[in-house]
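Engineer: Below are the chains, spelled out letter by letter.
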Amino acid sequence: MNGTTEADPMEAAGAPAARSGEARSGRSGFGHTVEALTLALVTVALCVFFGVWGETSATFPTTANMEALLANQAVLGVATLAILVPLVCNQYDLSVGANLGLSAVLAAKVLSEGAPLPAAIAVALAVGALGGLVNGLVVTRGRVNAVVVTLGTALVMTGAVNGITGGQAIIQGIPSDLISFGSSQTLGVPNLFLVLVVLALLAWRVLEHMPIGRYLYALGSNEEAARLVGLRPQRLVLMSFVTAGLLAGAAGMLMVARTGGASPRVGETYTMPAFAAAFLSAAAIRPGRFNVFGAIVAIIFLAVLKSGLNLAGVQPYVSDIVNGVALVAGVALAAYLGRRRLRAARGS
Amino acid sequence: MNVAAASPSRVLVAARELHKAFPGTVALDGVSLELRAGEIHALLGGNGSGKSTLTKALAGVQPADRGTLVLGDAEHDASTFTPDDAWEAGLRFVHQQPSTFPDLTVAENLAVGAQFERSALGQISWSRQRRAAQAILDRFEVPVSPRARLSDLSAANRTLVAIARALASQREEGSGVLVLDEPTASLPERDAQHLLSSLQRYAAEGRSIVYISHRLPEVLQIADRVTVLRDGVVAGSLERAEIDHDRLVALIVGGQLDHRAAADRPALAAGTAPAVTVRGLACGRARGIDLDLRPGEITGLAGLVGSGRSSILAALGGARAAAGDVTVDSRPLALGSVAAAMAAGVAYLPEHRGDMGFFDHSLTDNLAMVVMPRYRRGLGSIDRAGARRAARELISGFGVRAASEEALLSTLSGGNQQKVLLARWLQRDPRLLLLDEPTHGVDIGARAELHAVIRAAAAGGAAVLVASSDAEELVALCDRCVVLVAGRISAEVPCADLTADDLNTLTYAEAR
Chain A
1 MNGTTEADPM EAAGAPAARS GEARSGRSGF GHTVEALTLA LVTVALCVFF
51 GVWGETSATF PTTANMEALL ANQAVLGVAT LAILVPLVCN QYDLSVGANL
101 GLSAVLAAKV LSEGAPLPAA IAVALAVGAL GGLVNGLVVT RGRVNAVVVT
151 LGTALVMTGA VNGITGGQAI IQGIPSDLIS FGSSQTLGVP NLFLVLVVLA
201 LLAWRVLEHM PIGRYLYALG SNEEAARLVG LRPQRLVLMS FVTAGLLAGA
251 AGMLMVARTG GASPRVGETY TMPAFAAAFL SAAAIRPGRF NVFGAIVAII
301 FLAVLKSGLN LAGVQPYVSD IVNGVALVAG VALAAYLGRR RLRAARGS
Chain B
1 MNVAAASPSR VLVAARELHK AFPGTVALDG VSLELRAGEI HALLGGNGSG
51 KSTLTKALAG VQPADRGTLV LGDAEHDAST FTPDDAWEAG LRFVHQQPST
101 FPDLTVAENL AVGAQFERSA LGQISWSRQR RAAQAILDRF EVPVSPRARL
151 SDLSAANRTL VAIARALASQ REEGSGVLVL DEPTASLPER DAQHLLSSLQ
201 RYAAEGRSIV YISHRLPEVL QIADRVTVLR DGVVAGSLER AEIDHDRLVA
251 LIVGGQLDHR AAADRPALAA GTAPAVTVRG LACGRARGID LDLRPGEITG
301 LAGLVGSGRS SILAALGGAR AAAGDVTVDS RPLALGSVAA AMAAGVAYLP
351 EHRGDMGFFD HSLTDNLAMV VMPRYRRGLG SIDRAGARRA ARELISGFGV
401 RAASEEALLS TLSGGNQQKV LLARWLQRDP RLLLLDEPTH GVDIGARAEL
451 HAVIRAAAAG GAAVLVASSD AEELVALCDR CVVLVAGRIS AEVPCADLTA
501 DDLNTLTYAE AR
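Protein sequence lines correspond, in order, to chains A and B. For the record, in the first sequence the residue sitting at position 108 is 108 according to the numbering used here, with numbers rising by one throughout. For the record, in the second sequence the residue sitting at position 154 is 154 according to the numbering used here, with numbers rising by one throughout.
Hint data in this document are derived by calculation from the structure and do not stem from the laboratory. What you are looking at is a predicted structure, and each value in this text was computed from that prediction instead of being measured.
From chain B, some residues computed to sit far from chain A (all C-beta separations above 10 Å): (1) 37; (2) 140; (3) 386; (4) 493.
Facing chain B, a subset of chain A residues (Cβ under 10 Å, in silico): (5) 205; (6) 208; (7) 212; (8) 213; (9) 218; (10) 221; (11) 222; (12) 224; (13) 225; (14) 226; (15) 227; (16) 229; (17) 232.
Note that beta-carbon positions come from the ideal geometry of N, C-alpha and C, so glycine has one too.
Isolated chain A (complex conformation) (with noise of 0.2 Å):
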């Protein structure tokens, strides 16, 4: 009852089994693997299926679908780094569709009144990245919930580009060597899926080998032990806000490069898939925490499944059932094996 000042004689009692657990390393190297892997595993497993499955053996397997397959995650993939960045000091950022559909179509607008490719890039980068500095800001500054906060700037800027567009879509004068570049192949693999690779890169370098990654992450597990071992949470996180902001714009870039123009209407169908990735990312590959590799994974997963199912012809809504259900069942998956490491590392 007194619990400021009298000891939890639970808590003395708690001890012992705790130490005996400690003795014991909990479970194999062998069954952390394995639990890393799983949706990976899944996922092959799913690409082995399709291939051999009836419906699909003769469209799943082939180079053509494999392709497009591939080339078609790279704007979703980097939405997802965009949303993962925040998610990681647990903010949470709902204006990345709008904000990349932004930034494709004010990059598209310069290009289409003969504006070099360098600089429609550098538009693409900057309008994304103006949009998260203002997110960050109001989060910081203004301390309101970034859900009400990007929930809202994800309106005034469908709002723009609905009043930028007049609901028509960019298509005029977007250079040819662009279109090429989002629709060829390097080595066999499509160039924007390898634009993807790079960032993801990028980001879980940053996220797991550079100090900056370490301290957004113990923000994400305690925000007061971060403010007391001298981090400073607000700054971190308009960082984070900052760099969603940047990633959305070179997605929206991506998406120009894909879709030989920019269209009103599709930045914002981002925000959702993108952050049923970031969550399926936790498990996969660092079970228990949101991660850049297991993002991928989840992306490669979750379009596997759909692709499959689409070939097999199966009707749309039937796909998107399935999705919604291996996102959840993935996510309590992931939920269930982190509870179950943690009762084994006790020795309870």
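Could you slot chain B onto chain A? The hints should help.
Structural biologist: Below, chain B alone, put in the same frame as chain A:
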């Protein structure tokens, strides 16, 4: 003070021979207690005396192992007593933690947990709700409007609303038992008086009020009877006429053995210049704090809950805004910034372990977090191998029992977690080490190890400031103790010939 208590009155609740054991400790060893109608019964005792266990047994939330509870005419086996039984018998508990909802109105607060007045269509009838609330407020003489938001009320009125809610749910008016745990702990003096006079009125109507408090002046003022627990037994029971300050202190601290660890610590060279000076520090309840902390010296901060112990440590650690002049190695320290304090060589471990650790992270991550620049390599990446090597050394150096340096912090026992968190800060070779309840909730073995680590840190040249609610710990660990009463330093004593009893007596001294 209450007329009813003068004559022998009806026993509402009797606990007989309650026993409760936890692995390693006996929390209740045959405790008996009688609660009579119309009395305010103070329940006193130090930390670990069994007060909490006793109240939990009475509430049924953590039944005793054996014993009997007599509630009116009904006799219950204490080991099978449930919260429902306690509720049925008219026992009500108001805990120290706030149990009201600050964003809701008084009327809503009174209805939550009881019932909302509803219209035929099932929606809440706000007018009837307010009338019902007003009736309760009138009955218990709480001077607030049903429409007021709880957050707009004074702390005393918030507590009174919580008490009114508990009492209104008792079936028999003017009967039943109300247990209050430190209700005045966070109240200013004037508000506390307001609350105490209300309690006397409620008791006079025929209820029995169990009053748990560390504030002896209040106990002297309102208690009709006092029961003091110590080490799981009733150390003494006093009637109104027998209650006086010295007698209470003697019962609370008892003739405890002095478990001093006979620390053979080298005497400080006379005239060692202080590493840290504090002048006129004000933070929270603490006011006008002056301290000189010398390298190699362990200084204890003694005082009751709310005396300002924790505020002083948090202020020096940069974790709370504060005013005053502080120097570390003769350089002024900017208050209010953890980063500035760390840069000046201050290391601060707060009272709650939960505020310090990254529990779902590895020991390596937890240890490296405060020395990240050490592991910077080219292109800004981290020397992970170096961080793990350093973590392995710290783990073995501090005797941390863990599967490996990559084990999650959450998998360690409390004592080992505390060692990791101490190691985290000691690897920075701090000039000033601030420790708030450094051994709270750890077992005796780990406690001795933690004390050894703290002494070693002092021997290495750190000035150490330790706050603890455990007088024995301070006497055993420290070179001298500074006693805080109501936010001010009331005494400063060397620990060489000090006993825990002496120190407790000082902390219970009335604020003058």
